[in-house]
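Produce the complete structure using the sequences and hints provided.
There are 2 protein chains.
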Amino acid sequence: MAVPNLQIALDHNTLEDAISDIFKVGEIVDIVEVGTILCLQEGQKAIKAIRAMFPSKIIIADTKCADAGTTVAKNVVECGADWMTVICSATLPTMEAARKEVKELQVELYGDWTMEQAKSWKEIGINQVIYHQSRDALLSGGSWGEKDLKMVQQLIDLGFQVSVTGGLSVETLSLFKGMDVHTFITGRGITAAEDPVKAATEFKETIRAIWG
Amino acid sequence: MAVPNLQIALDHNTLEDAISDIFKVGEIVDIVEVGTILCLQEGQKAIKAIRAMFPSKIIIADTKCADAGTTVAKNVVECGADWMTVICSATLPTMEAARKEVKELQVELYGDWTMEQAKSWKEIGINQVIYHQSRDALLSGGSWGEKDLKMVQQLIDLGFQVSVTGGLSVETLSLFKGMDVHTFITGRGITAAEDPVKAATEFKETIRAIWG
Chain L
1 MAVPNLQIAL
11 DHNTLEDAIS
21 DIFKVGEIVD
31 IVEVGTILCL
41 QEGQKAIKAI
51 RAMFPSKIII
61 ADTKCADAGT
71 TVAKNVVECG
81 ADWMTVICSA
91 TLPTMEAARK
101 EVKELQVELY
111 GDWTMEQAKS
121 WKEIGINQVI
131 YHQSRDALLS
141 GGSWGEKDLK
151 MVQQLIDLGF
161 QVSVTGGLSV
171 ETLSLFKGMD
181 VHTFITGRGI
191 TAAEDPVKAA
201 TEFKETIRAI
211 WG
Chain D
1 MAVPNLQIAL
11 DHNTLEDAIS
21 DIFKVGEIVD
31 IVEVGTILCL
41 QEGQKAIKAI
51 RAMFPSKIII
61 ADTKCADAGT
71 TVAKNVVECG
81 ADWMTVICSA
91 TLPTMEAARK
101 EVKELQVELY
111 GDWTMEQAKS
121 WKEIGINQVI
131 YHQSRDALLS
141 GGSWGEKDLK
151 MVQQLIDLGF
161 QVSVTGGLSV
171 ETLSLFKGMD
181 VHTFITGRGI
191 TAAEDPVKAA
201 TEFKETIRAI
211 WG
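Top to bottom, those sequences are chains L and D. According to our numbering, numbering within the first sequence proceeds without interruption in unit steps and concludes at 212. According to our numbering, numbering within the second sequence proceeds without interruption in unit steps and concludes at 212.
Hints in this document: simulated from the structure, not taken from any laboratory. Hints are supplied without guarantee of correctness; some may be wrong.
If several chains are the same, the list does not tell them apart, and a pair holds so long as it fits within one copy or across any two.
Derived lysine to aspartate or glutamate pairs resembling EDC-like cross-links, with alpha carbons at most 20 Å apart [to be verified]:
{"no.": "1", "residue 1": "LYS147", "residue 2": "ASP82"}
{"no.": "2", "residue 1": "LYS150", "residue 2": "ASP30"}
{"no.": "3", "residue 1": "LYS48", "residue 2": "GLU171"}
{"no.": "4", "residue 1": "LYS57", "residue 2": "GLU78"}
{"no.": "5", "residue 1": "LYS74", "residue 2": "ASP17"}
{"no.": "6", "residue 1": "LYS198", "residue 2": "ASP17"}
{"no.": "7", "residue 1": "LYS74", "residue 2": "GLU16"}
{"no.": "8", "residue 1": "LYS45", "residue 2": "ASP17"}
{"no.": "9", "residue 1": "LYS147", "residue 2": "GLU116"}
See the structure below:
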């Protein structure tokens, strides 16, 4: 079982704030995600700036693309993104179109998707999914439970590289012990910490302690 | 039955191209949509620029928001958007959060949504949905058919103001004759026309001829 990656989600409202955080912790994390909020606020230059700072790090454009897969994918690749996300309710033609343009396409799992749909994504050559606790669901009192862990395991069993995200902390990582999680994604778990460098380091060390 | 609105979708890759088109036809159309591609490419300034050009026109930010409803909605309202879109696979808490911030929230219907879900959106006070033929589905040979028209009518019967979009032309408008469609959305139907002003005028006149 490989050691899971640590991915930081930059969901800032301004590029300045995003840069300020990623400047501190960029070398600690494995993958940098230019979050949807940041993409919508700053456009192309958000991805371009992060790529300029980290020429060889994996950068994800979290576009949650729902349509026009070719155009959206070509645009983010042109800015320097390696991977991008599509929403689970995008049609298969949209996913196929996007997949051809990027190194890896990740399906974002929100709402009422099914394992049948997941199988159809695998059939068109998609290797990665992102299992979510939505921020708004968390704010409404939701949390990681048995049901979530079971679904993550089912996705792994289908052959997906599974990223998990939503309200993760150093403490909740151990819930996934023994599971072949590909990547843990956190935003505020690092950026809202009193000491982001310490927080990122603790995430990395805890992952290594459990899976190393 | 009210006369349906005509909405232009600005799905350009650059603000310059979008402005060039909307400058010509902005006064003819009823609603201006800052498309997802344009939002992702140019960020905030796309909405701000369109608002600056048309101080009193309805402007929609087509964010297809899937999470962080409050933040995304607040951000687009700050730029001058009146309405915004969420994706159908967003959770109800995300939709509720976004709905509180904007004048109207529109649910974008992609993939395998159900009428049961539509009822739950109505119950939390959402009045508008957008029925889609996705661009990629159209490229794969899909088109408007009996099934689409029936679903649009079902949504109208549920009490939604329904916008329809995807490969619409002056000729296909008559397919919806007798239906209480709220808005027809077209992008390339106007922007890719040899004469965009003539195309927009023809759309408006045809709508008026059928529903007036």
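message = Checking each numbered hint in turn, tell me which of them this model violates, lowest number first.
response = Violated hints (numbers, rising): 1, 2 and 3; every other hint is consistent with the structure.
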